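Engineer: Spelled out, the chains give:
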Amino acid sequence: MKTNKVFFIITALFISLSVFSQQNPSNFIEIDGGASFPMGNWGKTSTASSLMSIQGTINDTHGYANIGVFGALDGAWFFSKHFGIGGMFKYGTYSLKGVDSLSQGYEESFDVDTTRTTPTHYTMWSILPGLYFDLPLAKKLSLTARGLVGIAHSTTPQIVVTIEDGGVFDTPIEQYSASQASFAFNLGAGLRYRITNCLGIGLRADYFYTKPDFTINNSSRVNNAGREVKEYNQPLESINLSLGIAYQFGGKK
Amino acid sequence: MQKIISFRKFLAFGFFLVFTLILARCNKAAQTVTPSLPGNEFLTTVQLQLTNSADPTDVQLASSTQISPYTNTYQLDSIYTNLAYLNLKANSTYTGRVIILDETKTPFDTVSVEILARENYHLFFFQPTPILASNIVISNTSTDIPQSDWVTRQPSSDTTAFGTSVNETVAASAVDALNLTVTRTDMDSNTPPLQIGLQDNFVTGAASSGILRVVLRHQPNAKNGTYAPGSTDLDVTYAVTIN
Numbered sequence: 001m002k003t004n005k006v007f008f009i010i011t012a013l014f015i016s017l018s019v020f021s022q023q024n025p026s027n028f029i030e031i032d033g034g035a036s037f038p039m040g041n042w043g044k045t046s047t048a049s050s051l052m053s054i055q056g057t058i059n060d061t062h063g064y065a066n067i068g069v070f071g072a073l074d075g076a077w078f079f080s081k082h083f084g085i086g087g088m089f090k091y092g093t094y095s096l097k098g099v100d101s102l103s104q105g106y107e108e109s110f111d112v113d114t115t116r117t118t119p120t121h122y123t124m125w126s127i128l129p130g131l132y133f134d135l136p137l138a139k140k141l142s143l144t145a146r147g148l149v150g151i152a153h154s155t156t157p158q159i160v161v162t163i164e165d166g167g168v169f170d171t172p173i174e175q176y177s178a179s180q181a182s183f184a185f186n187l188g189a190g191l192r193y194r195i196t197n198c199l200g201i202g203l204r205a206d207y208f209y210t211k212p213d214f215t216i217n218n219s220s221r222v223n224n225a226g227r228e229v230k231e232y233n234q235p236l237e238s239i240n241l242s243l244g245i246a247y248q249f250g251g252k253k
Numbered sequence: 254m255q256k257i258i259s260f261r262k263f264l265a266f267g268f269f270l271v272f273t274l275i276l277a278r279c280n281k282a283a284q285t286v287t288p289s290l291p292g293n294e295f296l297t298t299v300q301l302q303l304t305n306s307a308d309p310t311d312v313q314l315a316s317s318t319q320i321s322p323y324t325n326t327y328q329l330d331s332i333y334t335n336l337a338y339l340n341l342k343a344n345s346t347y348t349g350r351v352i353i354l355d356e357t358k359t360p361f362d363t364v365s366v367e368i369l370a371r372e373n374y375h376l377f378f379f380q381p382t383p384i385l386a387s388n389i390v391i392s393n394t395s396t397d398i399p400q401s402d403w404v405t406r407q408p409s410s411d412t413t414a415f416g417t418s419v420n421e422t423v424a425a426s427a428v429d430a431l432n433l434t435v436t437r438t439d440m441d442s443n444t445p446p447l448q449i450g451l452q453d454n455f456v457t458g459a460a461s462s463g464i465l466r467v468v469l470r471h472q473p474n475a476k477n478g479t480y481a482p483g484s485t486d487l488d489v490t491y492a493v494t495i496n
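So the protein lines, in turn, are chains A and B. At position 121 of the first sequence the residue is numbered 121 (the working numbering), and the sequence of numbers has no breaks. Plus 253 on top of the position in the second sequence (first one is 1) and you've got the working numbering.
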């Protein structure tokens with residue numbers, strides 16, 4: 001009974017909204033930019049005390065990914081009143097947070113006077129074709145949802161740790177950058193407002209997921225102590241908020 | 254035509270925005286410097302405890318300390334050597350251990366326990382001198398200190414117990430040499446395991462005398478069995494008499 005009610009409400013909503021869409025929605029190409037919020041272990045940091053290891057090395061599942069930025073180019077061609085096919089190319093970078101803890105963990109593990117930790121960024125690009133759904137909400141405003149599936153190519157940061165004790169600098173510890181391509185998907189929805197016949201602006205939120213299995217090389221790990229990550233196979237998932245400008249072709253005016 | 258130009262402008266403007274955003278983040282990697290943590294211990298006293306394997310009642314305890322026997326306080330620039338000597342029997346084997354104390358704390362802290370916990374980057378060296386040049390062995394299992402790191406230029410007033418100079422020397426002949434050989438017997442958990450030196454064997458030969466220099470090297474992520482990497486945590490000298 002409850003299921004029927006939900007079905008009728010959704011159907012009624014579609015019928016009422018479809019008065020705005022007597023023809024196919026405009027095809028579009030959109031350029032987006034925004035912020036990406038890493039989720040799960042990828043976006044977490046470890047405490048210095050949990051990274052301290054004086055007899056044997058320890059793995060670390062946390063990714064230290066900070067809020068990132070990304071740019072994307074996407075577009076869709078609508079073959080019906082609501083549905084279209086399209087795709088997105090996205091490139092983003094994520095700096096590292098919690099580097100203080102990382103650095104202090106090495107310092108306590110090796111019992112040294114000073115550590116200097118220099119990380120680079122995560123980078124990620126993805127190509128994701130998929131299905132678009134457009135639902136007009138007002139004359140110039142529409143809701144666009146999308147489900148995209150494709151590949152992502154991710155690169156982990158290089159982390160260089162220089163340790164100094166008693167005025168002596170020993171060989172730096174290096175966790176090398178690693179790259180991996182993996183299956184990825186993106187689910188999201190957004191609002192697009194038509195400001196002229198051919199230009200629109202979009203605001204959207206997406207959930208992105210990929211799970212590469214990185215094999216990470218380390219150099220100069222002479223002694224068994226401190227954090228040493230040899231592989232990283234945590235999901236790289238994020239919530240992406242973006243603002244875009246769209247060029248719209250044909251379709252409704 | 255008008256539409257094509259507009260589309261190009263749109264693309265150019267869009268790409269400019271996106272790449273400006275990304276390039277703004279692609280600055281040089283930031284460096285985080287973590288300075289020394291407070292609360293590091295002092296290594297105020299270094300003891301050698303030797304037990305004769307053939308006679309467990311023959312126990313020698315040599316102690317070099319920076320705790321003044323007069324004021325019972327830590328003296329940064331002084332070493333009190335009145336107990337820093339070993340009287341060993343000739344042609345004997347002693348099992349030895351190094352005990353390091355922080356006597357600025359009450360009760361005192363046994364730092365050698367922490368050294369043992371951090372065994373993977375600590376290594377002891379024991380250099381008996383005078384020594385024949387032919388007996389100096391430099392390898393990743395030897396306790397000898399490379400001659401380039403010997404103490405050789407200390408003033409004659411810088412002595413250990415019984416007024417023996419702390420300067421290390423090469424023996425001109427076997428008669429002049431201190432007949433003492435030290436080997437480490439404990440291993441760390443590195444891969445492959447390396448020696449530590451908290452537990453040792455001291456083997457004496459014929460009657461002789463000289464000095465024994467003990468150095469603890471701190472070799473974070475650099476320990477490979479040799480003397481060179483890292484820095485020195487402690488460096489003390491004992492007088493040795495073999496009868």
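Rather than coming from a laboratory, the hints here were simulated on the basis of the structure. In this text the structure is predicted, and so the values were computed from the model without any measurement. Do not take every clue at face value.
Stated by the list, open to error - Here are some chain A residues the structure puts well away from chain B; computed CB gaps all over 10 Å:
{"no.": "1", "residue": "SER46"}
{"no.": "2", "residue": "VAL149"}
{"no.": "3", "residue": "GLY166"}
{"no.": "4", "residue": "ILE239"}
Said to hold, decoys possible - Below 30 Å or equal to it, Euclidean Cα-Cα: the simulated BS3-like pairs (lysine-lysine) are:
{"no.": "5", "chain 1": "A", "residue 1": "LYS81", "chain 2": "A", "residue 2": "LYS140"}
{"no.": "6", "chain 1": "A", "residue 1": "LYS97", "chain 2": "A", "residue 2": "LYS230"}
{"no.": "7", "chain 1": "B", "residue 1": "LYS262", "chain 2": "A", "residue 2": "LYS81"}
{"no.": "8", "chain 1": "A", "residue 1": "LYS230", "chain 2": "A", "residue 2": "LYS211"}
{"no.": "9", "chain 1": "A", "residue 1": "LYS211", "chain 2": "A", "residue 2": "LYS97"}
{"no.": "10", "chain 1": "A", "residue 1": "LYS139", "chain 2": "A", "residue 2": "LYS81"}
{"no.": "11", "chain 1": "B", "residue 1": "LYS358", "chain 2": "A", "residue 2": "LYS139"}
{"no.": "12", "chain 1": "B", "residue 1": "LYS262", "chain 2": "A", "residue 2": "LYS140"}
{"no.": "13", "chain 1": "A", "residue 1": "LYS44", "chain 2": "A", "residue 2": "LYS97"}
Stated by the list, open to error - According to the in silico footprint, chain A covers these stretches of chain B (three or more CB under 8 Å from chain A):
{"no.": "14", "segment": "311 to 319"}
{"no.": "15", "segment": "341 to 352"}
{"no.": "16", "segment": "362 to 376"}
{"no.": "17", "segment": "442 to 449"}
Just so it is clear, CB atoms sit at the ideal spot from N, CA and C, and this is done for glycine as well.
Engineer: Just pull the numbers of the violated hints for me, sorted ascending.
Structural biologist: Hints 3, 11, 14 and 15 contradicted; others consistent.
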